[in-house]
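There are 2 protein chains.
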Amino acid sequence: MNLPTLKDVEEAKRCLTGVAERTGLIHNKYLCDMTGAEVYLKPENLQMTGSFKLRGAYNRIAHLTDDEKKKGVVSSSAGNHAQGVAYAATKFGVKSTIVMPKPAPISKIKATKALGAEVVLCGDIYDEAYQKALDIQHETGAVFVHPFDDPMVMAGQGTIGMEILEDLPDADIVICPIGGGGLISGLAVALKSLKPSVKVIGVQTANAQSMYRSFKAGKLDICDCKPTLADGISVKVPGDITFEVVKKYLDDIVLVSEDEIADAMFVLLSKAKIVAEGAGAVPTAAILNNHVDVKGKKVVSLVSGGNIDMDRLAGVIKKGLSK
Amino acid sequence: MNLPTLKDVEEAKRCLTGVAERTGLIHNKYLCDMTGAEVYLKPENLQMTGSFKLRGAYNRIAHLTDDEKKKGVVSSSAGNHAQGVAYAATKFGVKSTIVMPKPAPISKIKATKALGAEVVLCGDIYDEAYQKALDIQHETGAVFVHPFDDPMVMAGQGTIGMEILEDLPDADIVICPIGGGGLISGLAVALKSLKPSVKVIGVQTANAQSMYRSFKAGKLDICDCKPTLADGISVKVPGDITFEVVKKYLDDIVLVSEDEIADAMFVLLSKAKIVAEGAGAVPTAAILNNHVDVKGKKVVSLVSGGNIDMDRLAGVIKKGLSK
Chain A
51 MNLPTLKDVE
61 EAKRCLTGVA
71 ERTGLIHNKY
81 LCDMTGAEVY
91 LKPENLQMTG
101 SFKLRGAYNR
111 IAHLTDDEKK
121 KGVVSSSAGN
131 HAQGVAYAAT
141 KFGVKSTIVM
151 PKPAPISKIK
161 ATKALGAEVV
171 LCGDIYDEAY
181 QKALDIQHET
191 GAVFVHPFDD
201 PMVMAGQGTI
211 GMEILEDLPD
221 ADIVICPIGG
231 GGLISGLAVA
241 LKSLKPSVKV
251 IGVQTANAQS
261 MYRSFKAGKL
271 DICDCKPTLA
281 DGISVKVPGD
291 ITFEVVKKYL
301 DDIVLVSEDE
311 IADAMFVLLS
321 KAKIVAEGAG
331 AVPTAAILNN
341 HVDVKGKKVV
351 SLVSGGNIDM
361 DRLAGVIKKG
371 LSK
Chain B
51 MNLPTLKDVE
61 EAKRCLTGVA
71 ERTGLIHNKY
81 LCDMTGAEVY
91 LKPENLQMTG
101 SFKLRGAYNR
111 IAHLTDDEKK
121 KGVVSSSAGN
131 HAQGVAYAAT
141 KFGVKSTIVM
151 PKPAPISKIK
161 ATKALGAEVV
171 LCGDIYDEAY
181 QKALDIQHET
191 GAVFVHPFDD
201 PMVMAGQGTI
211 GMEILEDLPD
221 ADIVICPIGG
231 GGLISGLAVA
241 LKSLKPSVKV
251 IGVQTANAQS
261 MYRSFKAGKL
271 DICDCKPTLA
281 DGISVKVPGD
291 ITFEVVKKYL
301 DDIVLVSEDE
311 IADAMFVLLS
321 KAKIVAEGAG
331 AVPTAAILNN
341 HVDVKGKKVV
351 SLVSGGNIDM
361 DRLAGVIKKG
371 LSK
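From first to last, the protein sequence lines are chains A and B. Sequential numbering from 51 applies to the first sequence in our numbering. Sequential numbering from 51 applies to the second sequence in our numbering.
By construction, these hints were calculated from the structure, which means they are not laboratory data. Nothing here was measured: the structure is a model prediction, and the numbers come from that model. We put the CB at the ideal spot given by N, CA and C, even for glycine. Mixed in with the good hints, there may be bad ones.
[To be verified] Covered stretches of chain A (chain B as the covering partner; in silico rule of three or more C-beta atoms under 8 Å from a C-beta of chain B):
1. 72-81
2. 119-129
3. 311-321
Next up, chain A with everything else stripped away, as it sits in the complex (with noise of 0.2 Å):
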């Protein structure tokens, strides 16, 4: 098996430089006195799309051959890997195709058109979607540019873990969400490469715990995702490769319930000022619930996006204030 390397994230960040943007680390006073920690977010929320995918999608698609270029590229996401990839095939004047389930947010559907996508709604969960892209890429013979399960992808997401570690070199603990795995994946290999000493910590909802599953009993796992906030990390199935990184690498992953999913998120709001999506809220979840020991150490909190629809936000805030 593939597994991405430390040299493919340097390539990635090489190719992606100029193109996604260099989001800096904000240090946050509120969730370090909550947490006894020196608490950072790496706000991936305020990235270009809205979320780290563009990274990832942007560094498998600018390496796509001149023939495949032609044939267009397809794929399936619950919202954000599709702005990635529309937007990066936009930019190299490349046709795609992506399958969305039905639930995606609104917001995360017209992103992708506006940025030059043929949109497929399929299906109700992500896996659904991912099935109706495979059928699409065998009968137009489309590259399929997979969510997760892609060295060229993994590597474009480490290239946030070289961010971190040339803003704070002194990490001891990156904690970060994980879906089908990729981010986490080319986080691990980055950090861990760069300095095996920092710890990698992966978060899931307990609604959609696949990879946790996984990663206790040392095999994959499949398993039912239930409804959750963090829409962009339910995912049924981990990636083959991605679950063979986490394996090697990952020091832990934890869970936390959709109610700290939801609390993190007003804290994100009301305190540090932006604008996290379920999925991007579950680190400070897990660290403001004690899920993973900070105290006293450096830590980075990765939001890895920020698009939600504006009307759930507006519940979560509903329920901020009735606490």
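Dock chain B against chain A, hints included.
Relative to the frame of chain A, chain B by itself:
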């Protein structure tokens, strides 16, 4: 009259190193698309205490003599300066008393107390709180830390201008909110001293336009304030010193409406994924509504703060969704 100089700003920058966060610029594609400009946000809502005010207050309090520190400080503020003074005073072990107008956002009152200040609520608008603070100064001998009309306070705010030019040396236009004028004064001194060609434009809400009218008339004008979403810049009487700096350096001042402010807050939330308070959104309101000609230019839109009650933010979302 003792106007702040570039040297004062440079000294403030040394003073603030390791204290104030070094906020980066955020390049936002949506705002670029909407305006035809290269738009960068300077997110001082991500600053410690949720606004730029910490910079000026800290610089002022850092320069107190030991005797002055013993007497404590007193100030008046709609909320953001309050938090800056409270944070800085507590850091130096100095007692602080802050007078806030009664309609100040609850979140700002709470945060100020949490930072260690004694809070006195008095009056309906900032200017009444200001009078009360002067009374306390006379009674107690505490040092009055003016929220804007003080060269050391302006110099602290001016560090934002130095950072902008470090990050974007070819900035064409910097757009900044105006209340009493402290922020834009420091900013203009720094920007125009370092790069005379850069345009500095101020923005006020039409509901509190005292500096706008003073600037247009060429003489200080007092002007009653109507209720505004931009509570942080609702000031009846501009500063004497700030007005001199504004006259000397500013290229223009423009007004925005309350509807434009609410729309800009919604855009910053939904498209830039950051929480701006009303005052923090006026520059973005100005460029989104063509009050400043920015087409083809490199523009910095200063988001001065993000301290807004969450129920008020919910109202902004509701209004934004209804369009």
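Verification of the supplied hints:
With 4 residues having a Cβ less than 8 Å from any Cβ of chain B, the stretch 72-81 of chain A passes the three-residue criterion, so the hint holds. Using a Cβ-Cβ cut-off of 8 Å, 0 residues of the stretch 119-129 of chain A lie near chain B, which falls short of the minimum of three, so the contact claim is violated. By the rule of at least three residues with a Cβ nearer than 8 Å to a Cβ of chain B, the coverage given for the stretch 311-321 of chain A holds, with 3 such residues.
Hint 2 from the list above is the single one not met by this structure.
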